[in-house]
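Going down the list, the sequences are from chains A and B.
Each step along the first sequence adds one to the number in my numbering, with nothing skipped, and position 86 is 86.
Each step along the second sequence adds one to the number in my numbering, with nothing skipped, and position 272 is 1272.
Incorrect hints may have been included.
[Said to hold, decoys possible] List time: in silico SDA-like cross-link candidates among lysine to any residue, alpha-carbon distance up to 20 angstroms:
(1) B:K1332 / B:H1147
(2) A:K229 / B:H1350
(3) B:K1355 / B:P1380
(4) B:K1246 / B:E1235
(5) B:K1278 / A:H3
(6) B:K1303 / B:V1340
(7) B:K1055 / A:R214
(8) B:K1435 / B:G1493
(9) B:K1055 / A:I205
(10) A:K229 / B:G1115
(11) B:K1055 / A:T303
(12) B:K1515 / B:E1498
(13) B:K1055 / A:R224
(14) B:K1278 / B:S1313
(15) A:K123 / B:K1355
(16) B:K1287 / A:S122
(17) A:K123 / B:P1054
(18) A:K123 / B:N1014
(19) A:K229 / B:N1105
(20) B:K1055 / A:Q223
(21) B:K1020 / B:N1010
(22) B:K1055 / A:H3
(23) B:K1055 / A:S122
(24) A:K229 / A:T303
(25) A:K123 / B:G1493
(26) B:K1055 / A:S222
(27) B:K1055 / A:G126
Read the hints as simulated data drawn from the structure, not as lab findings.
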Amino acid sequence: MLHYLLSRIISLLLSLAVASLVIFFVIEIIPGDPASFMLGLNASPETIASLKAELGLDQTPLIRYFDWVSGLVVGDFGISYTYKVPISELVVDRIQVSLPLALYALLLSTAIAFPVGLIAASKRGGTADFGIMGFTQLGIAVPNFWFAMLLVLFFAINLRWFSAGGFSGWDAGFWYGIKSLTLPAIALALTQASILARVMRSALIDTLSQDYIRTARAKGLSQRRVLIKHALRNAMIPVLTILGLQFSFLLAGAIIIENVFFLPGLGRLIFQAIIQRDLIVVESVVMLMVFAVIVVNFLVDLTYAMVDPRLRRSG
Amino acid sequence: MTLLSVSGLNVSINEEVILKDVEFIIDQGEVFGFVGESGSGKSMTALALMNLLPKGSDRTGQIILDGKNLIDLSEREMCSIRGRDIGMIFQEPMTALNPVMTIGNQVAETLIIHGGYSRSEAMTIAREKLARVEMPPNRFSPDLYPHEISGGQRQRVCIALAIALRPKILIADEPTTALDVSTQAQILDLLKLLVKEEQMSLLFITHDLAVIARMADRVAVMQTGRIVEMETTRELFQDMKHDYSKKLFAASNYIPETKTKTGGGSFLEVSDVYRAYKLPNRRILDKQNYNVAIRGVSFSIRKGESLGLVGESGCGKSTLSRTILGLDPLQKGRITVDGVEVISGRKMPHTLRKKMQVVFQDPFGSFNPRHKVGRLVAEPFHLLAESLSASEQRERVVTALLEVGLRETDVDKYIHEFSGGQRQRIAIARAMVIKPDLVILDEAVSALDVSIRAQILDLLNELQVQHNLSYLFISHDLTVVRAVTDRVLVMQGGKIIEEGRTDRIFDHPQHDYTKRLLQASPRIPTEWVTKETNQGYHTGKLSEKEFR
Chain A
1 MLHYLLSRII SLLLSLAVAS LVIFFVIEII PGDPASFMLG LNASPETIAS LKAELGLDQT
61 PLIRYFDWVS GLVVGDFGIS YTYKVPISEL VVDRIQVSLP LALYALLLST AIAFPVGLIA
121 ASKRGGTADF GIMGFTQLGI AVPNFWFAML LVLFFAINLR WFSAGGFSGW DAGFWYGIKS
181 LTLPAIALAL TQASILARVM RSALIDTLSQ DYIRTARAKG LSQRRVLIKH ALRNAMIPVL
241 TILGLQFSFL LAGAIIIENV FFLPGLGRLI FQAIIQRDLI VVESVVMLMV FAVIVVNFLV
301 DLTYAMVDPR LRRSG
Chain B
1001 MTLLSVSGLN VSINEEVILK DVEFIIDQGE VFGFVGESGS GKSMTALALM NLLPKGSDRT
1061 GQIILDGKNL IDLSEREMCS IRGRDIGMIF QEPMTALNPV MTIGNQVAET LIIHGGYSRS
1121 EAMTIAREKL ARVEMPPNRF SPDLYPHEIS GGQRQRVCIA LAIALRPKIL IADEPTTALD
1181 VSTQAQILDL LKLLVKEEQM SLLFITHDLA VIARMADRVA VMQTGRIVEM ETTRELFQDM
1241 KHDYSKKLFA ASNYIPETKT KTGGGSFLEV SDVYRAYKLP NRRILDKQNY NVAIRGVSFS
1301 IRKGESLGLV GESGCGKSTL SRTILGLDPL QKGRITVDGV EVISGRKMPH TLRKKMQVVF
1361 QDPFGSFNPR HKVGRLVAEP FHLLAESLSA SEQRERVVTA LLEVGLRETD VDKYIHEFSG
1421 GQRQRIAIAR AMVIKPDLVI LDEAVSALDV SIRAQILDLL NELQVQHNLS YLFISHDLTV
1481 VRAVTDRVLV MQGGKIIEEG RTDRIFDHPQ HDYTKRLLQA SPRIPTEWVT KETNQGYHTG
1541 KLSEKEFR
């Protein structure tokens, strides 16, 4: 187990190093230099020169890379060119929306997908299975922004249960914050839950045809107990893989939903930064997201080993 | 005293009749055997007793266990019977245990679900039960996972969890078919001992007559869902009444007609071959460890000769065949075919590859299911120096199919349309289509039913005589090796420990290991084999009709 953990940690660090190099040098090879790119076509040579000095572009790339990375490590992401505030402040603000939203959506999707997948698998070929397969198909096909608009129309405009958009912040109270994230989380969870339920169903059906399920039945376990005690854990590997991918996606990929609900999340931050050519923000936020994805994958790897003893000894 | 009485048992799955009017009685403490070929309904009978038949099955009749008719019981009531009154073990120990649960927990589970035991009590009893199947806790911790123990040990765990509550009857469905001969012998001994000491009855299902002869007090022979003959074991073997039983018996001892061989010089030369695999390191900076699969093996095969290769799983048989075919590189030594050296990988000349072909155990797994038979059999044509036109290819494929007893129209069929024996014929046709000189038969008849096996052995024999082929016959089944080979190599731990003429090795083995291997191999007692039972089937080839 220690060996497995060590090898996962090494792989985590290597991935981070490679990702940071790629992000840094991709921005480096943009034609011209970052300063003139950021300032656009009409900038005067003097402004460009002063920005260059401000950004430290007169140094060699290698030194700048190490400056950037060592800044990242201590949480110093630099100063946003457009907002003129430390990027770390921007990120902290935005993460307070994006992270809870991603977790909320993931929780909803798991809470829906697990029982639904279990029912579909245990009643395979029955009416319930048929209905679930149809609904999940629909859930995958419906674009989430359209579903989001329907939610707003129904729950915010007609019933007035929720506000149509915006984020009140956490200062007003936990439940207040949760309330303003509910509709976006549901909109995001629909597709994710549909995918997850289908993966769950097929993974369970796969395991239910295994020999050890027959052994368990021969011991006297009921159908239901076999499903919960023997099939579920064995079906977890594909489900965990999808969960990991979904979390990464939800963290960064909620741009459209954030726009529909006017949420100040990470997705909108990076979207605006790209439009405003704020390369420093782009670079840092992309790195942050890569970090999140890699860490989530690391955690998924660890849960694999918890679920399946066969993975614990291999590297 | 009667423990289980089954009468008028009919089972159909999706309207197809699977069991017809099955009727038998098992006494307390008795070992009752079911024997028959695949599809005869042996396993279905067991599953019908347990009410674990596949979806869409319909079951009628009476299954009286201890005065209760199991057919009338609800699923809930059946759950309390399974595992407590009836225990069951299955064929595939490798997959029969839950990979994410410790063996101790899996044994304890039987005790917990039937109530009356707390977790810690159940674990204590589980430890005792594991010790009972010769897996004592001081050598095999109950915290081990199934992947950490061998196939034979896993089967022991399966037995432990099946007998944990001392069921009245234990059903064993081909429990040793997937195991080596020596492991098989140990498991069979263990089962016999447990049945006696725990005073259980045993319903033992197998396709292997020799195994049933060793195990059962009484035997039922099954054919297409019916019991065709039921006798005490000794009587059955000495005085078979039903034609099918006789056929089955003859086929399992089948020896193809002695062939007249042309003979010839040495064809394959293997000298001092050595092959090791890298093992994964446990820690990152550890020294690289190796698993030496073959250590210094030398032998030769003459033209037209059949050489047997026997040994337990993991002894290096398959690695050896792979290195001969050039699929695996050598670390040391030399292999020559017709004087030309075998080099692994892309450098191996096509002219050399063309001389060797291989037939594997699993006839279904070794074909691409999306190609038609014509294309499958034509696969080796790329090894030929000259390219053939489409019509020439077809002609040669058809010739090969006819030669193995199939029809011309089979060219346009898919592999799933054939039975196991026919698939193996196609595999042989694929090997034969480019007229090789050496065919490696890697457990080629092991998965086949005895009557089909007899036909395939005949076919191989015929082809050998016709084309002066050399065979390397790899098998764990000593009976078959004895029947079809001229010489035998016995392999253990990557080395050849004994080598010689087949009759000499089997009648007068020298090495201890060979002796043990032969000892463990189940045999029908010779005094049971009468002239009458040994005749009839054996005289000539089987008619075409019989396998169609």
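Do the hints match the structure? See the list:
no. : hint              : result
1   : B:K1332 / B:H1147 : violated (32 angstroms)
2   : A:K229 / B:H1350  : violated (54 angstroms)
3   : B:K1355 / B:P1380 : holds (11 angstroms)
4   : B:K1246 / B:E1235 : holds (13 angstroms)
5   : B:K1278 / A:H3    : holds (18 angstroms)
6   : B:K1303 / B:V1340 : holds (15 angstroms)
7   : B:K1055 / A:R214  : holds (13 angstroms)
8   : B:K1435 / B:G1493 : violated (34 angstroms)
9   : B:K1055 / A:I205  : holds (14 angstroms)
10  : A:K229 / B:G1115  : holds (16 angstroms)
11  : B:K1055 / A:T303  : violated (34 angstroms)
12  : B:K1515 / B:E1498 : holds (11 angstroms)
13  : B:K1055 / A:R224  : holds (16 angstroms)
14  : B:K1278 / B:S1313 : holds (19 angstroms)
15  : A:K123 / B:K1355  : violated (54 angstroms)
16  : B:K1287 / A:S122  : violated (49 angstroms)
17  : A:K123 / B:P1054  : holds (14 angstroms)
18  : A:K123 / B:N1014  : holds (18 angstroms)
19  : A:K229 / B:N1105  : holds (12 angstroms)
20  : B:K1055 / A:Q223  : holds (13 angstroms)
21  : B:K1020 / B:N1010 : holds (5 angstroms)
22  : B:K1055 / A:H3    : violated (45 angstroms)
23  : B:K1055 / A:S122  : holds (12 angstroms)
24  : A:K229 / A:T303   : holds (18 angstroms)
25  : A:K123 / B:G1493  : violated (49 angstroms)
26  : B:K1055 / A:S222  : holds (15 angstroms)
27  : B:K1055 / A:G126  : holds (12 angstroms)
Hints 1, 2, 8, 11, 15, 16, 22, 25, counting from the list given before, are not met by this structure.
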